[in-house]
Amino acid sequence: MSDKPQPEEEFQDPLANYDPKKYADRLEQALSEETVATVEHVPYEVIAPETTVADAVKKLAGLHIACLLVEKDGDLLGVFSDRDVLKKVALEYDQVASKPVSEVMTDDPIYVYETDSAAAALAVMVVAGYRHVPVLNVRNKLIGIVSPQRVTSFLQKYA
Amino acid sequence: MGLYENLRNEPVKTLALRKPVTAGPEDTIRQAVERMRAQRLGCVIVVDSDQKPVGMFTESMLTQLLTSNPKVVDEPVSKHMAEHWPWVRATDPIHDVLDGLHLKNVRFLCVVDENDRLIGLTGQKGLMEYVAEHFPGQVMVQRIGGTSVGDKREGA
Chain A
600 MSDKPQPEEE FQDPLANYDP KKYADRLEQA LSEETVATVE HVPYEVIAPE TTVADAVKKL
660 AGLHIACLLV EKDGDLLGVF SDRDVLKKVA LEYDQVASKP VSEVMTDDPI YVYETDSAAA
720 ALAVMVVAGY RHVPVLNVRN KLIGIVSPQR VTSFLQKYA
Chain B
9 MGLYENLRNE PVKTLALRKP VTAGPEDTIR QAVERMRAQR LGCVIVVDSD QKPVGMFTES
69 MLTQLLTSNP KVVDEPVSKH MAEHWPWVRA TDPIHDVLDG LHLKNVRFLC VVDENDRLIG
129 LTGQKGLMEY VAEHFPGQVM VQRIGGTSVG DKREGA
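Residue numbers (the working numbering), protein chains in the order written: chain A, 600 to 758; chain B, 9 to 164.
Chain A on its own, in the form it takes in the complex:
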């Protein structure tokens, strides 16, 4: 084994040729780099699936909100919104008022993770057409909801 000192290699920056993505404006950057967690997603209101339709409608109206999340033990089961009231309740009120909300809710709702990009929530609204997008954490537990109003506020911040 030689005791000769080895010549020091010149440090080469592995990111020397890295060309970071350039954005046209700060909204484009925010949509790409900000996560759903940075879009307002709380507070949110939940109900149990066995809640009656009448009570669910009262809660929507009493809180002056457009959407309730139907959950059990933190697991998302569905969404009950004023669009469900319009489509399935308003003209059938006497027949459905005492039924569980799980019978008229929108089940299998499309959701996003808090770690998804902000653009993912926008995509659910624009492409899939759902106005209210539940937010889950990495353990698949419900932690919030993104509404069009909240996305509008997000856009307003960067536009």
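These are calculated hints, taken from the structure and not from any lab test. Predicted model only: the values in this text are computed from it and were never measured. Each residue gets a CB set at the ideal place from its N, CA and C atoms; glycine is no exception. Please note that a few of the clues may not be correct.
Not everything, but these chain A residues come out facing chain B in the computed CB check (under 7 Å) [claimed, not checked]:
(1) Asp624
(2) Leu630
(3) Ala660
(4) Ile664
(5) Gln755
Assemble chain B onto chain A, guided by the hints.
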């Protein structure tokens, strides 16, 4: 040109405006709801015999009314409509839509021409579609719908 400039330079009429659902003042809320269901729209514009808008009725108003009286659906829509509603001109910059939705906390804005005639509806969805079209590389490439990674993973 970035979205910042476009929002301030492009007029509202470049948005994909929705055709409004209309009802007469004597139509019942039931009739209005049936039309809203058919057109999958959350509001109806009440117009007089000259097709001039005289009010707006929305699905959130419907939810409020049902809690106090479920039979309200057989009453005239004009009895419960809002007589004042936010609007923008077709020639206003799109940024005015963003301001209107944000500041007035509404979902829909009526779009009127230079003679104040109703020519369409826009709102939160129209604005989001505009942003998505502007940034397809960010929005239109997203995976739609969450699926649990842990549940679907295959292999060792």
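We went through each hint and held it up to the structure:
{"no.": "1", "hint": "Asp624", "verdict": "3 Å, holds"}
{"no.": "2", "hint": "Leu630", "verdict": "4 Å, holds"}
{"no.": "3", "hint": "Ala660", "verdict": "4 Å, holds"}
{"no.": "4", "hint": "Ile664", "verdict": "9 Å, violated"}
{"no.": "5", "hint": "Gln755", "verdict": "5 Å, holds"}
Checked against the numbered hints given earlier, this structure breaks only hint 4.
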